[in-house]
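Engineer: Positions -27 to -1, 1 to 190 (mature numbering (1 follows the signal peptide of the UniProt record, and there is no 0)) are the ones given, in order, by the sequence shown.
Worth double-checking, as some hints may not be accurate.
Derived EDC-like pairs: lysine to aspartate or glutamate, alpha-carbon spacing no greater than 20 Å straight-line [unchecked claim]:
#1 LYS39 / GLU106
#2 LYS74 / ASP159
#3 LYS39 / ASP19
#4 LYS74 / GLU104
#5 LYS144 / ASP19
#6 LYS60 / ASP89
#7 LYS78 / ASP109
#8 LYS74 / ASP50
#9 LYS78 / ASP90
#10 LYS39 / ASP150
#11 LYS74 / ASP102
#12 LYS39 / ASP77
Keep in mind that the hints were calculated from the coordinates and are not lab data.
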Amino acid sequence: MAFLYSFPLPMILVFAVLLLQIHHSHSLTCTSQKFTSDRVYDNCNDLPKLSSYLHWTYDSSNSSLKIAFLAPPSGKDGWISWSINPKGQQMMGSQALIAYKVDDKMTVKTFNVSSDDIAPSKIAYQVSDMEAEYSDGTMKIFATIALPANLTTINQVWQVGSTVVDGIPAKHATLPDNLKSMGTLDLSVKEKSTSGGKRNGIPIFLIIASFLFLFVY
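Sequences and hints are given; from them, build the entire structure.
Structural biologist: Rendered as structure tokens:
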């Protein structure tokens, strides 16, 4: 006789719902994001503020950090930025990459944020492969950054703004999310959540079907 008759059906449904919740908790929005030019990254993070996402690969052999930062600017003619701050989790002192439109074309430039008045400038890190894109209301920054050797964590700061004045990003809003858009990036992460390319996995419906099969037969 099938074990189903001695194991209540509601309990089986509860287990199925729990499996779905576990799957959802481990599903990140960033893992579904795709890029042009076959860009693929080892890890990605759904950042906690400003609807932002970071895709990244850290190569410890040469201390290089390849990143893709995605966020919607707070205005159609606005800007986005992603920064490393060697001084702490704060905007002042940030070594920033800022993307915005110049003559209706996307650009990304480096800014050493040492005061409220900013201008394009060299930063403390060597940066290569800088590109910026805009599509479907989202701006994207791509870059490779040469970091000092033997780092295990960095302070990251990200931001969005609504306007650009005379080719310079204007000040961002001071809403709670704007003031809390910072954190630590752990470069020593071993578990990879590959983003930007094709991924293979077992569909959740097959997992649930297999689970139910165990109780029915």
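Engineer: Can you give the numbers of the hints that this structure goes against, from lowest to highest?
Structural biologist: Numbers 2, 5, 9, 10 and 12 - these are the hints that the structure violates, sorted from lowest upward.
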